[in-house]
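S.K.: The chain contents come next:
Number of protein chains: 2
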Amino acid sequence: MRYGIAIFPSKKLQDVANSYRKRYDSRYSMIPPHLTLKEAFEADEGNVGEIVSHIRNVAKEVSPFTLEVYKFSSFYPVTNTIYMKVRDTAELTTLHEKLNSGMLQHELKYQFIPHITIGQDLDNDECSDVYGRLKLEDIRHEETVDRFSLLYQLENGTWTAYETFLLGRDH
Amino acid sequence: MRYGIAIFPSKKLQDVANSYRKRYDSRYSMIPPHLTLKEAFEADEGNVGEIVSHIRNVAKEVSPFTLEVYKFSSFYPVTNTIYMKVRDTAELTTLHEKLNSGMLQHELKYQFIPHITIGQDLDNDECSDVYGRLKLEDIRHEETVDRFSLLYQLENGTWTAYETFLLGRDH
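First to last, the sequence lines map onto chains A and B. For the first sequence, UniProt numbering begins at 1 and goes up steadily by one. For the second sequence, UniProt numbering begins at 1 and goes up steadily by one.
Bound-form chain A, shown alone (with noise of 0.2 Å):
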């Protein structure tokens, strides 16, 4: 099974971020707008159980924090991706790490960049156009985050929740 890891942020945001997905983000069909905390990996659905277990005690460790989205920016040219920037706190790092660490400890592709994807798989100019434009906009918001969730992926590319975490509690 492949599963994946991420925060959905308030209903206010993502129906922000789907206004811009639904003409830009190739995916916008396969999962609501979201923070990826943790990308996807390959695990066996039997070992499930213990990946949950791993997952609970980092939830347990982390209090809620506030998440900030400050301006739009780009992956250009890595990858043709445009993304609302969330500000980097220590909460998200050390999410990232704990759920990237111990059994969870895989390869990463990326260095982690918080952000919340609105635009990919463009091409070279309609993402520089886009972006262009996204990035004289005002998308100032913050809130607080006080849960996170485990998702796998369907055969057709869609991701399903499997369970949700609350940050800074015993499960």
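Everything labelled a hint here was simulated from the structure, so no lab data went into it. Treat the hints loosely; a few may be bogus.
Which copy is meant is left open, so a pair is good if it fits within one copy or across any two.
Taking lysine to any residue pairs in the SDA-like style, the calculated list, with each CA pair at most 20 Å apart, reads [as the list claims (entries may be wrong)]:
#, residue 1, residue 2
1, K60, R169
2, K22, T158
3, K98, V52
4, K98, I113
5, K98, E126
6, K22, Y110
7, K85, I7
8, K12, Y70
9, K60, D170
Dock chain B against the given chain A, drawing on the hints supplied.
M.R.: Positioned in the frame of chain A, the structure of chain B alone reads:
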């Protein structure tokens, strides 16, 4: 906010359901395959804490149970919906009742018939054709259900999981 409560069955069963939904279900991209425990309802976002407390108590009181799919069926002529019929069990009835009582009491549009939709909004001829073929197929399947999810709907009609609840567990 518009909320709903559903069971997401195993990846295996979701993949089977999607193989039909892709062609026949107008809401294919809105939500993964699921068994609805509580129809969509409106609730103030400020009350979600209370709602979650209520649901946690319900989850604690019901043990994990066997979900058995045993045939294809249809709601025609009430609606042109085709579904996998799920054996009604004491646990499903109890879950449905408790999730529609107390602060979660809402008028029920339909009698509770546990099912996993695989086609909807079909025209009469297609509904009849597809159901005619499917009812000859053998889809017997059993699996254990140990969780369900509270979801909320985004402005684009898709659903995001807010929280999962483990059956028979103190949260």
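S.K.: Could you run down the list of hints and mark each one as holding or not?
M.R.: Hints, one by one, checked against the model:
no. : hint          : in the structure
1   : K60 with R169 : both (5 Å within a copy, 17 Å between copies)
2   : K22 with T158 : both (16 Å within a copy, 12 Å between copies)
3   : K98 with V52  : within (13 Å within a copy, 27 Å between copies)
4   : K98 with I113 : within (15 Å within a copy, 43 Å between copies)
5   : K98 with E126 : neither (36 Å within a copy, 51 Å between copies)
6   : K22 with Y110 : neither (25 Å within a copy, 33 Å between copies)
7   : K85 with I7   : within (14 Å within a copy, 34 Å between copies)
8   : K12 with Y70  : within (15 Å within a copy, 40 Å between copies)
9   : K60 with D170 : both (6 Å within a copy, 16 Å between copies)
Figure legend: structure checked against the earlier numbered hints; hints not met, in rising order: 5, 6.
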